[in-house]
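Visitor: The residues making up each chain are set out below.
Number of protein chains: 2
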Amino acid sequence: MSQGRMVQIEQDILGKNNEYASHNRSYFQEKGIFTLNLVSSPGSGKTTLLTRSIEDLKARHRVSVIEGDQQTANDAERIRETGVKALQINTGKGCHLDAHMVGHAVESLNPEEKSLLFIENVGNLVCPAAFDLGEAHKVAILSVTEGEDKPLKYPDMFHAADLIILNKTDLLPYLDFDVEKCIEYAKRVNPDIEVLQLSARSGEGMQAWYQWIESRMSA
Amino acid sequence: MSQGRMVQIEQDILGKNNEYASHNRSYFQEKGIFTLNLVSSPGSGKTTLLTRSIEDLKARHRVSVIEGDQQTANDAERIRETGVKALQINTGKGCHLDAHMVGHAVESLNPEEKSLLFIENVGNLVCPAAFDLGEAHKVAILSVTEGEDKPLKYPDMFHAADLIILNKTDLLPYLDFDVEKCIEYAKRVNPDIEVLQLSARSGEGMQAWYQWIESRMSA
Chain A
88 MSQGRMVQIE
98 QDILGKNNEY
108 ASHNRSYFQE
118 KGIFTLNLVS
128 SPGSGKTTLL
138 TRSIEDLKAR
148 HRVSVIEGDQ
158 QTANDAERIR
168 ETGVKALQIN
178 TGKGCHLDAH
188 MVGHAVESLN
198 PEEKSLLFIE
208 NVGNLVCPAA
218 FDLGEAHKVA
228 ILSVTEGEDK
238 PLKYPDMFHA
248 ADLIILNKTD
258 LLPYLDFDVE
268 KCIEYAKRVN
278 PDIEVLQLSA
288 RSGEGMQAWY
298 QWIESRMSA
Chain B
88 MSQGRMVQIE
98 QDILGKNNEY
108 ASHNRSYFQE
118 KGIFTLNLVS
128 SPGSGKTTLL
138 TRSIEDLKAR
148 HRVSVIEGDQ
158 QTANDAERIR
168 ETGVKALQIN
178 TGKGCHLDAH
188 MVGHAVESLN
198 PEEKSLLFIE
208 NVGNLVCPAA
218 FDLGEAHKVA
228 ILSVTEGEDK
238 PLKYPDMFHA
248 ADLIILNKTD
258 LLPYLDFDVE
268 KCIEYAKRVN
278 PDIEVLQLSA
288 RSGEGMQAWY
298 QWIESRMSA
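So the sequence lines, in the order shown, correspond to chains A and B.
Letter by letter, the first sequence follows residues 88 to 306 of the numbering used here.
Letter by letter, the second sequence follows residues 88 to 306 of the numbering used here.
Chain A on its own, in the form it takes in the complex (with noise of 0.2 Å):
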């Protein structure tokens, strides 16, 4: 296949998906439903951060979650253990989400409005970073075990980006991560991105995403 037919291809694609995500965006505004789609590799504990802050923000927000995998609903599963609603959509051989899954998917879920909606895309740094979901923000979720150098290596993510959350922070001790590097590499890919340390795992650093996600929510 020549190049020139790859791009084409590549184009039309995305073309198409940005005409959804544009539709989505809309729905999403005159609902008032505020969208966060969660990127990051696989096992950076993007299930844990939402399963905690569902717990923690469920008494004041109406919240819904569409939960992307190759396979399995183990993440919708564990959503719905905190008494939200979830939705699993499986990518099969797909690496990432795309707007049109996510349409089908809030047709199905269909959020309450005034309510926050997470989707916790396909754990990958490199493809979801072109599908605009029509999220408010995308959100990357960086595990301080993975090294300081990914903003670098993926910088489409990082870049498309508006908000990168380092979890796992109650495991630097035992590593050799440099937390002041890592942030300096992604504001070098991306010089407005916002940066939030915290743990899901101990609780540490979450009121601060908490009143991330508010702020906005009320903007």
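Incorrect hints may appear among the rest.
No copy is singled out in the list; a pair is fine if it fits within one copy or between any two copies.
What the hints assert, rightly or not - Under the rule of at most 27 Å between Cα atoms (straight-line distance), these lysine-lysine pairs were calculated in the BS3-like manner:
{"hint": "1", "residue 1": "Lys180", "residue 2": "Lys268"}
{"hint": "2", "residue 1": "Lys274", "residue 2": "Lys180"}
{"hint": "3", "residue 1": "Lys201", "residue 2": "Lys145"}
{"hint": "4", "residue 1": "Lys172", "residue 2": "Lys201"}
It is worth saying that the hints were derived from the structure and are not from the lab.
Given the structure is predicted, the values throughout are model-derived calculations rather than measurements.
Dock chain B against chain A, hints included.
Guide: For chain B alone, kept in the frame of chain A given last:
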């Protein structure tokens, strides 16, 4: 774009890749180059595993390395500090190495006859699964910080691999990772998969990995 057209494009790409992979494989066999394709999430510790392995193996084997990343030549530089030949491939927007890229890299790198060639793929548990590079074995590295459910969530990768390395076992005391459950999940996806547990940082378990390599090199 229709689903049928997408499937056709995917088949064209994979068919073309398999031709290049088959060509690479013949070349490796002819020259006695034992090639391992290391696949994992970002941050599983592949490069640390490689640098330590090279330090320990270079006295008795000729070694060379092909590094894949979206951006940066950092990993190839880390490898070259060990004194062996390394070539960096930057995939840009791409989420995996393919056999065509590897064929060109082999031409430039020119690995010695009867040598060991490591290919460190782009950090991604989805896309590299489908792309044969002509290697003898895919080796999946899973950091114990990532959670024991990964083989179920990313079954294609664990199905394609012949060996799992559970890395960063020095961190097990600080985690809730269930080693037995992880192995059970991996064998559910791929009953023939072998499993090694090690810490590339502490060095624990590395000898079994060298034995695994050397028993197959001489086969």
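Visitor: Hint by hint, say whether it matches the structure.
Guide: Quick rundown of the hints versus the structure:
no., hint, result
1, Lys180 with Lys268, "between (35 Å within a copy, 24 Å between copies)"
2, Lys274 with Lys180, "between (33 Å within a copy, 20 Å between copies)"
3, Lys201 with Lys145, "within (13 Å within a copy, 61 Å between copies)"
4, Lys172 with Lys201, "within (15 Å within a copy, 57 Å between copies)"
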